[in-house]
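Quick note, the sequences are listed as chains A and B, same order. In terms of our numbering, the first sequence opens at residue -6 and continues consecutively. In terms of our numbering, the second sequence opens at residue -6 and continues consecutively.
Check the hints yourself; a few may be wrong.
Since the list gives no way to pick out one identical chain from another, each pair is judged satisfied if it fits inside one copy or across any two copies.
[Said to hold, decoys possible] Simulated pairs of lysine-lysine, DSS-like, Cα-Cα distance not exceeding 25 Å:
hint, residue 1, residue 2
1, K246, K167
2, K142, K292
3, K71, K220
Derived by calculation from the structure, the hints in this document are not laboratory data.
Number of protein chains: 2
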Amino acid sequence: MKRRETVEQWFKSLQDSICSELEALDGGSQFREDLWNRPSGGGGRTRVITNGQLIEKGGVNFSAVHGPLPEKIQHSLKLPPSEFYGTGVSIVLHPENPWVPIIHMNVRYFETSGKNPEDPSTWWIGGGIDLTPHYVSREDGKHIHSSLKTVCDNIDEQYYSRFKKWADDYFYLKHRDETRGVGGIFYDRLNDQSENKSFDELWDFHQQVGEAFVPIYRHYAEKHRDKKPTEVAKNWQMVRRGRYVEFNLVWDKGTKFGLDTNGRTESILMSMPPQANWYYDQQPEEGTPEAETLKWLKKDIDWIGND
Amino acid sequence: MKRRETVEQWFKSLQDSICSELEALDGGSQFREDLWNRPSGGGGRTRVITNGQLIEKGGVNFSAVHGPLPEKIQHSLKLPPSEFYGTGVSIVLHPENPWVPIIHMNVRYFETSGKNPEDPSTWWIGGGIDLTPHYVSREDGKHIHSSLKTVCDNIDEQYYSRFKKWADDYFYLKHRDETRGVGGIFYDRLNDQSENKSFDELWDFHQQVGEAFVPIYRHYAEKHRDKKPTEVAKNWQMVRRGRYVEFNLVWDKGTKFGLDTNGRTESILMSMPPQANWYYDQQPEEGTPEAETLKWLKKDIDWIGND
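Next up, chain A with everything else stripped away, as it sits in the complex (with noise of 0.2 Å):
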């Protein structure tokens, strides 16, 4: 099987799944799926879970899609005019209740080649999985970073402390100072010649990532779900929740250049959560739980040890 075929096929499947697992674990409703097609090649399915008993509004979405490379990421990636192939799978899920917390991942496969079939063409995998906890503790931020360094570790020891931190600087508010939630793992544009490994170790790594995001959600929903929402925290999830909004829209790369470059607006804004509330300059006050949260939201924390 070729390699487009191989991997295309396992994201489908890691789709599949993790839909099936989430419907379970919600126990309130189903996922309602879209398949659309992208005039300039390509497609997806858009999977999109609401009102359920433990998710509010939440999207598993795969797509595949080809075709010339556009201009702007051409431009950004600082690549040659080229053919280009992307698939991949992407999560994020608003609970209902705002002890559990936000979760999002991505995981994707990139392929370019030049018009003259004699160019080289170049691949590279990227993604991660970050926790956005409207609360945050330091047992809750020490779960999924220990999860993830377990599958970081199976292939590179190196690859958590490098990816945490390319976490870190990625899922920042800048305009804020303030991190979008406890981080977890990012990583792009890894290949066979940036990490002198062969893609079949690179996307072994890369599945282990995929599957290791239902466990680490269930252990979250499971510990969290029957704690009874109070108005207060109700209200601090709304603000949370506008900083979700903000990052999305203001500092994510992949929506960006999703609205840019005429990707599936509905797919792309599957991420935005189904209310938001701003209030004029609000701080929490002193030695309450939403400001000791605020505490956690920094860069470079080492949520395994003791910081």
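For this one, chain A is given, so just place chain B on it according to the hints.
Below, chain B alone, put in the same frame as chain A:
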């Protein structure tokens, strides 16, 4: 009096008069004022009103800032390294009642000069007023356009059509193929050289735009404020506010610059609505007032004529 002083004093008095007129119109709430300083030069008076009888959340901000021109702005305005001075008033009002429109105004004055006092310095004015009704009607579109055309015609009979088109092009959500609302006027970098008009003439026009704001908003507030909101209309308002968020965070140049160049985040993001909702792929049913509204969210509508 030096020009900077004249301009700054006038913007301050505009802020004062608009705030007191809006408080009277609202009848239920007052502006809260925050004074702030910009570390690298200047500062502002942010005034925010919340939970009024008419206005759920609104800001009327004055600022006057100066210092070395931030590098990002330098590049985007294609200017050499220089000192800058910028002052103006920015307004966004989110009414509680969905039948009352969102309104936005910005009027600003900008100057740059080389570090060497021999360098030529340049100045310009920019701004405009535009309206974002949650529900659009031709009649409502016509009123703001007629009012602004009167202001424009006082200085130059070309201005209305030129600045109306500029607003259509600027207040446009490319990823939705929707305009933000019914538009209005937008202009930027107008000066003696671009317009072959004196500073006094252009400044007089700019002042008339600033003074047109309250009468325009009063018209809509008085016309619609007593119409009882339905649940469907409240919900639609939250969706349209979501689009407002999308425009401001994804496309608005002023917001991007501000957030990118360490502007005062809370003053910039006073434009965010108090609440916004996102539903996946929501399409209003044909024939509903919501579907009718979408048909009006297009560029190049001749609001004053009979398009």
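A quick look at each hint next to the structure:
| no. | hint | verdict |
| --- | --- | --- |
| 1 | K246 / K167 | both (14 Å within a copy, 17 Å between copies) |
| 2 | K142 / K292 | within (17 Å within a copy, 51 Å between copies) |
| 3 | K71 / K220 | neither (48 Å within a copy, 55 Å between copies) |
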